[in-house]
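A.B. asks: As a plain string of letters, each chain reads:
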Amino acid sequence: MLIKKPSDIPYSEVTPNSAYMNRRKFLAGVAVATGAVTLAARSVSDWFESARVFADEAKLGPLAKSPFSTDEPPTPAKDVESYNNYYEFGTGKNDPSRNATKFVTSPWSVSVEGEVNKPRNFDIEQLRKLAPLEERIYRHRCVEAWSIVVPWIGYPFSVLAKLVDPKPSAKFVAFQSYYDIKQMPLGPRAGIALPYVEGLRIDEAMNPLALLTFGMYGETLPNQDGAPVRMVLPWKYGFKSIKSIVKVRFTQNMPPTTWNLANAHEYGFYSNVNPQVDHPRWSQATERRLDGSFFGKRIKTLMFNGYGDQVASMYNGMDLRKYY
Amino acid sequence: MKDLSRHINIRWLKPPIFLVCLAPLAHLVWMGFHDELGANPVEYITHSTGTWTLVGLCATLSITPLRRILKQNWLIRLRRMFGLFAFFYVSLHFATWVWLYSGFDVHAMIADVYKRPFITEGFTAFVLLIPLAATSTSGMIRRLGGRRWQMLHNLIYISAIAGVTHYYWLVKSDETVPLRFAAVVAVLLGYRAIRHALQRKQQAAAAKRSRESVYSA
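Sequence lines, in order, name chains A and B. For the first sequence, our numbering begins at 1 and goes up steadily by one. For the second sequence, our numbering begins at 1 and goes up steadily by one.
To be clear, the hints were calculated from the coordinates, so they are not data collected in a lab. Since the model is a prediction, treat every value here as computed from it, not as a measurement. Zero decoy hints are in this set.
In silico EDC-like pairs for lysine to aspartate or glutamate, Cα to Cα no more than 16 Å straight-line:
hint, chain 1, residue 1, chain 2, residue 2
1, A, K93, B, E175
2, B, K172, A, E144
3, A, K162, A, D203
4, B, K172, A, E266
5, A, K297, B, D105
6, A, K93, B, D174
7, A, K78, B, E36
Some chain A residues flagged as far from chain B (calculated, every beta-carbon gap over 12 Å):
hint, residue
8, T70
9, P107
10, L130
Covered stretches of chain B, going by a simulated chain A footprint (3 or more residues, C-beta under 8 Å):
hint, stretch
11, 33-40
12, 113-120
13, 174-181
C-beta atoms are modelled at their ideal positions from N, C-alpha and C, and glycine is treated no differently.
Please model the entire structure based on the sequences and the hints provided.
C.D. replies: This is the structure we're talking about:
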């Protein structure tokens with residue numbers, strides 16, 4: 001397959017995207033560009049396969065399956081794409097899908113800095129190619145007591161972290177979202193300080209579940225779901241999974257986080273899914289699973305959203321009522 | 001402005017207003033059938049019925065100030081309909097909470113009312129409106145007597161304040177809409193408070209005058 005060894009041929013250099021729209025032109029173009037030797041090495045069907053994969057700019061692949069995936073049925077994509085909390089684009093659930101359509105996510109770069117030996121600025125295309133992309137079907141639990149099941153696409157954040165080589169002094173990782181009033185005119189009315197910032201303890205960030213995410217449902221992320229790159233932390237409430245990342249900073253001290261700044265009494269730094277610790281204003285014991293049925297079904301919320309086997313050991317000995 | 005009471009046939013006016021008041025519900029049903037309630041219809045229905053309850057309460061509370069300021073006495077004959085529509089939407093809101101949100105889980109609901117201030121407020125606002133709806137008929141007004149009926153129906157002031165507080169405490173960060181409702185309710189209740197204070201002052205002055213006139217006689 002074409003992008004199994006991403007370092008061989010940079011994605012951007014393979015072929016202009018428009019050439020893929022027509023298979024005959026595509027084949028001719030490839031033949032000219034890469035020569036008959038390359039073509040001979042592959043069966044024609046392989047090339048058609050590749051052409052299919054890249055026919056749509058939004059499509060991502062090939063995707064490795066993950067043992068971390070749940071077998072629960074994914075929420076319909078249209079629901080995940082139209083029911084969003086992305087306050088930079090409005091506080092109503094369907095505001096982001098309407099207001100983020102023109103959000104510019106290319107060019108895009110992510111600065112990785114702080115307590116690391118090799119700070120680097122990544123172009124989004126570079127970043128996406130750092131590791132093979134996996135599909136991970138995760139449960140996603142919002143602090144507002146609804147949940148969805150989403151097939152995310154990405155690779156473990158630890159891949160990126162290892163590349164920049166954190167110093168021993170790096171105890172936390174801080175993240176920052178893109179923010180520009182010109183593109184996000186509703187930002188000042190969000191009621192939270194922007195740009196959005198989030199943070200993790202370094203061991204949380206290195207946990208294999210922590211996914212640096214570029215896509216969902218087989219395609220690149222829609223703007224309203226955090227394009228072009230976001231975190232997904234399935235054992236934490238959704239707001240920890242920061243969207244549209246522009247900066248990753250390794251730090252010595254616990255970084256500030258947006259919702260904690262807005263209301264420390266209600267939103268802690270950790271914000272692990274915990275059915276035993278209620279939000280001050282509502283119960284966290286149950287959640288409404290948005291599964292495409294008319295009203296969704298109400299189900300019991302699981303400790304660490306059901307990911308205790310992978311993450312519980314990180315919090316041994318901690319009073320999770322105090323560190324909510 | 002001249003009182004148009006004599007020119008307005010309230011019987012003709014009521015049916016179109018009735019239909020307008022039903023429109024939000026009709027819209028919800030229509031959206032339901034066309035799969036337009038979004039990914040979380042329970043939340044949408046809850047918010048919609050709650051919002052229209054507050055609109056109904058504000059409409060009810062605005063009748064008296066409008067009637068006095070515009071000197072249109074016929075408006076009073078629309079007040080009951082608005083009040084009952086507010087009660088209709090709060091009942092739908094409450095039913096959504098009991099059935100769709102809580103799934104008839106009585107323990108969870110009692111815990112919610114007891115533990116969560118915003119639900120306590122909402123529940124209070126709803127419960128206070130029940131006796132008002134129950135005594136909204138002309139027969140009940142006669143049986144209670146105008147003065148006692150009016151005293152009872154002053155509960156709507158508390159209900160409106162509780163309803164707005166309920167909304168304000170519910171939102172996570174963007175308080176724009178709850179604050180707009182709070183502002184409307186504040187104006188409508190503020191009008192009454194000021195008028196009440198002015199009346200008392202006038203009454204006191206009148207009483208003083210009459211006392212003085214007794215002495216001077």
